[in-house]
Amino acid sequence: MSKKTLTLMSKDKQLFNIEEHLAVQSVTIRNMVKEDGASSVIPLPRVDSETLALVIEYLNRQQAPEEDEDYVKKFVDERGEIPTLLELAQAALDLDIKKLMDAACMKVADLIKDFTLEEVREALRIENDRTPEEEKAIRDEFQWAF
Amino acid sequence: MPTCKMAPTTINNLPLDVLSRILIRFRAKPLARMRCVSKPWNSLLSQPAFIKSHLHRSIQNNQEILMVFAIGFPFDHQQSPFTTAHLSKFPHLVIPNFIQIPVVDPNLSEWSTCYHIHGSVNGLICLSYKRIDEPVIQIWNPSLSAMLTLPPYANPFGSTDKNFIQFGFGFDPKTDDYKIIKFMIPKPMIFLCLFNGLSLDFDDNLPSEKIQVEIYKSVHGNQWFPPNVTRIDDRDEMAMMGTFIGLVILMSVGSKKAIVAFDLGDETFSEICLPVDNLDRQNTLGILGGKLCVMSCVEDHDCQVWVMNEYRVVESWTKNHAFSQFSFEVAPYGFTLNNEFLCEPSAGYNRRLALYDPSEAKVKYFKFAGRLLSNVKVVEYVDSLVWTAPRGSASRKD
Numbered sequence: 001m002s003k004k005t006l007t008l009m010s011k012d013k014q015l016f017n018i019e020e021h022l023a024v025q026s027v028t029i030r031n032m033v034k035e036d037g038a039s040s041v042i043p044l045p046r047v048d049s050e051t052l053a054l055v056i057e058y059l060n061r062q063q064a065p066e067e068d069e070d071y072v073k074k075f076v077d078e079r080g081e082i083p084t085l086l087e088l089a090q091a092a093l094d095l096d097i098k099k100l101m102d103a104a105c106m107k108v109a110d111l112i113k114d115f116t117l118e119e120v121r122e123a124l125r126i127e128n129d130r131t132p133e134e135e136k137a138i139r140d141e142f143q144w145a146f
Numbered sequence: 001m002p003t004c005k006m007a008p009t010t011i012n013n014l015p016l017d018v019l020s021r022i023l024i025r026f027r028a029k030p031l032a033r034m035r036c037v038s039k040p041w042n043s044l045l046s047q048p049a050f051i052k053s054h055l056h057r058s059i060q061n062n063q064e065i066l067m068v069f070a071i072g073f074p075f076d077h078q079q080s081p082f083t084t085a086h087l088s089k090f091p092h093l094v095i096p097n098f099i100q101i102p103v104v105d106p107n108l109s110e111w112s113t114c115y116h117i118h119g120s121v122n123g124l125i126c127l128s129y130k131r132i133d134e135p136v137i138q139i140w141n142p143s144l145s146a147m148l149t150l151p152p153y154a155n156p157f158g159s160t161d162k163n164f165i166q167f168g169f170g171f172d173p174k175t176d177d178y179k180i181i182k183f184m185i186p187k188p189m190i191f192l193c194l195f196n197g198l199s200l201d202f203d204d205n206l207p208s209e210k211i212q213v214e215i216y217k218s219v220h221g222n223q224w225f226p227p228n229v230t231r232i233d234d235r236d237e238m239a240m241m242g243t244f245i246g247l248v249i250l251m252s253v254g255s256k257k258a259i260v261a262f263d264l265g266d267e268t269f270s271e272i273c274l275p276v277d278n279l280d281r282q283n284t285l286g287i288l289g290g291k292l293c294v295m296s297c298v299e300d301h302d303c304q305v306w307v308m309n310e311y312r313v314v315e316s317w318t319k320n321h322a323f324s325q326f327s328f329e330v331a332p333y334g335f336t337l338n339n340e341f342l343c344e345p346s347a348g349y350n351r352r353l354a355l356y357d358p359s360e361a362k363v364k365y366f367k368f369a370g371r372l373l374s375n376v377k378v379v380e381y382v383d384s385l386v387w388t389a390p391r392g393s394a395s396r397k398d
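One line per chain: the protein sequences are D and R, in this order.
For the first sequence, the UniProt record's numbering assigns the number 1 to the initial residue and increments by one for each residue that follows.
For the second sequence, the UniProt record's numbering assigns the number 1 to the initial residue and increments by one for each residue that follows.
Derived by calculation from the structure, the hints in this document are not laboratory data.
Honestly, I wouldn't trust all of these hints.
Stated by the list, open to error - Pairs of lysine to aspartate or glutamate residues, derived as EDC-like cross-links and limited to a Cα-Cα distance of at most 20 Å, are as follows:
| # | chain 1 | residue 1 | chain 2 | residue 2 |
| --- | --- | --- | --- | --- |
| 1 | R | Lys39 | D | Glu118 |
| 2 | R | Lys39 | D | Glu122 |
| 3 | R | Lys29 | D | Asp110 |
| 4 | R | Lys367 | R | Glu380 |
| 5 | R | Lys39 | D | Glu81 |
| 6 | R | Lys52 | R | Asp176 |
| 7 | R | Lys29 | D | Glu119 |
| 8 | R | Lys39 | D | Glu119 |
| 9 | R | Lys29 | D | Asp140 |
| 10 | R | Lys29 | D | Asp68 |
| 11 | R | Lys39 | D | Glu127 |
| 12 | R | Lys39 | D | Glu141 |
| 13 | D | Lys99 | R | Asp17 |
| 14 | R | Lys29 | D | Glu135 |
| 15 | R | Lys39 | D | Asp140 |
Unchecked claim - Selected chain R positions facing chain D (Cβ under 7 Å, derived; list incomplete):
| # | residue |
| --- | --- |
| 16 | Val18 |
| 17 | Arg21 |
| 18 | Ile22 |
| 19 | Lys29 |
| 20 | Ala32 |
| 21 | Arg33 |
| 22 | Cys36 |
| 23 | Ser38 |
| 24 | Lys39 |
| 25 | Ser145 |
| 26 | Leu150 |
| 27 | Pro152 |
| 28 | Arg351 |
Stated by the list, open to error - Sample of chain R residues with no beta-carbon within 10 Å of chain D, all distances over it, derived:
| # | residue |
| --- | --- |
| 29 | Pro30 |
| 30 | Phe50 |
| 31 | Asn97 |
| 32 | Pro102 |
| 33 | Val136 |
| 34 | Pro151 |
| 35 | Thr284 |
| 36 | Trp317 |
| 37 | Thr318 |
| 38 | Ala331 |
| 39 | Lys364 |
| 40 | Tyr365 |
Beta carbons are placed, not taken as given, at the ideal position from N, Cα and C, and that holds for glycine.
Given only the sequences and the hints, what does the whole structure look like? Please build it.
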């Protein structure tokens, strides 16, 4: 008997095939399969094709359980770019793949933990929404943290 | 066909749920700094739900650090030998420069000050020092190096030197509020206790305000609130501790010892019978695995630990341990979050502080620069964002 295959569709309408028994590591997909059999295409409107390709690579891994921790860590380490990791963390959260999400969040936290405020804003593309006066006021209040 | 239905709340394109999962891994101090990144970051990091999850995580992943404070340690000698920090795994090593008490009073060094630690909960520590006659009470978060000085309180008995004052510090989960309870007993009454001897029977004709109780609530304004209770009767020495469950005080009630529990929510007192009502036993209150426990010792003999499985239900007292393996007298301090037994085994004048791991039956001794000179207070370090910013501060205006 051939293994059942699912088709996932990314935000930009690309299709990816994956064996069902591997896909159901994602709790979200598992629930969808349970609900209605998920025979046709599963749309993932918030995950772009690049990120979905990574997620599929992760789900297709063939690791012994005792090596899995190291594999996940290495997997995110090799994708050390913050924007990629954020996309991956978001996809892993939506798809409810806990190990991957934890590893991606941990990696981002490691990367930015020693950044200055400006570096954090730059790395995560955050706009400083305070006026110089407001910025000074809040920095004064938290001056013990600097 | 269902689709992924999570509607993201985004902060400048960065989803809030991912961001909170990243930031929760940070230690408290850099997180406080991150509040300055942007207004949405500030609002995320000051959310009570985020602060609670961060606290919960840091208690679970705690690389346990114990801070040892000599009782009445002088302000200008904050470091060893008066205050030291130790990893509970290796208590014989001192973590250098770990404890830094922020100076909030520039005049402080002019007074000969002694610090007293009154209790700790959720990473906050309540301490006080004396300025002239009046104690100044502070709440300190060592992980944020933040210090809050409380406003002075009414002292109807005059100079505090004539009175006996005890503070309790606790957290009320119902109102999400930190409370300090002050008990003040006029000194003449303490003499009376001594004259009455062991029975400690008080004369009912004594004025009813003989013990004054005041409550300070951290969140609901910066002042001492008058409590719903104004008296407790017939009590002597108070061993008090702040816990998740309430404040408990060990005191004499008539001719026997009992636990008096103060409910931090409704601010009422109730009495809990001890598991062993035996005047020969020296009882100390503590918390074991989040539950109230009594460490009950007999001189030169065993030390029993009783746990109250259901708070305030006397029938639920259960004997948990009996330590009889120490060949010397043991003064119990309590249990750490990792359920290790903290105690002072004393052999003659050689006072030492020790951690005993009941699961491995192993004793670890603390090492200090010198000998353990005075009585100490041991406080668990918990990395915590818990803080109450003063009203009108910049962080609240965002």
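Next on the checklist: Checking one constraint from the list: CA of Lys29 of chain R to CA of Glu119 of chain D, max 20 Å. Satisfied?
Outcome noted: Answer holds: Lys29 of chain R to Glu119 of chain D is near 17 Å, not above 20 Å.
Checklist entry - Does the alpha-carbon distance linking Lys52 of chain R and Asp176 of chain R stay inside the 20 Å limit? => result Distance ~10 Å between Lys52 of chain R and Asp176 of chain R Cα, so the pair holds.
Checklist entry - Does the alpha-carbon distance linking Lys39 of chain R and Glu119 of chain D stay inside the 20 Å limit? => result holds (17 Å)
Checklist entry - Can the restraint linking Lys39 of chain R and Glu127 of chain D be considered satisfied, given a maximum Cα separation of 20 Å? => result With Cα atoms ~10 Å apart, Lys39 of chain R and Glu127 of chain D stay inside 20 Å; holds.
Checklist entry - CA of Lys39 of chain R to CA of Glu141 of chain D, is that 20 Å or under? => result holds (14 Å)
Next on the checklist: Run the distance test for Lys39 of chain R versus Glu122 of chain D: straight-line Cα separation, threshold 20 Å.
Outcome noted: holds (16 Å)
Item to check | chain D contact restraint for Lys39 of chain R - C-beta distance below 7 Å | outcome: Holds. Min distance 5 Å.
Checklist entry - At a threshold of 7 Å, is the proposed contact between Leu150 of chain R and chain D supported by beta-carbon distances? => result violated (18 Å)
Item to check | Assertion that Asn97 of chain R lies outside the chain D interface [Cβ separation over 10 Å] | outcome: Asn97 of chain R is indeed farther than 10 Å from all Cβ atoms of chain D, at 16 Å.
Checklist entry - Per the CB criterion, is Ser145 of chain R less than 7 Å away from chain D? => result holds (5 Å)
Item to check | Hint check: 7 Å Cβ-Cβ cutoff, Pro152 of chain R to chain D | outcome: For Pro152 of chain R, the interface hint is violated, since the closest Cβ of chain D sits about 24 Å away, which is over 7 Å.
Item to check | Hint consistency between Lys29 of chain R and Asp140 of chain D [alpha-carbon to alpha-carbon, up to 20 Å] | outcome: holds (15 Å)
Figure legend: structure checked against the earlier numbered hints; hints not met, in rising order: 5, 10, 26, 27, 28, 29, 32.
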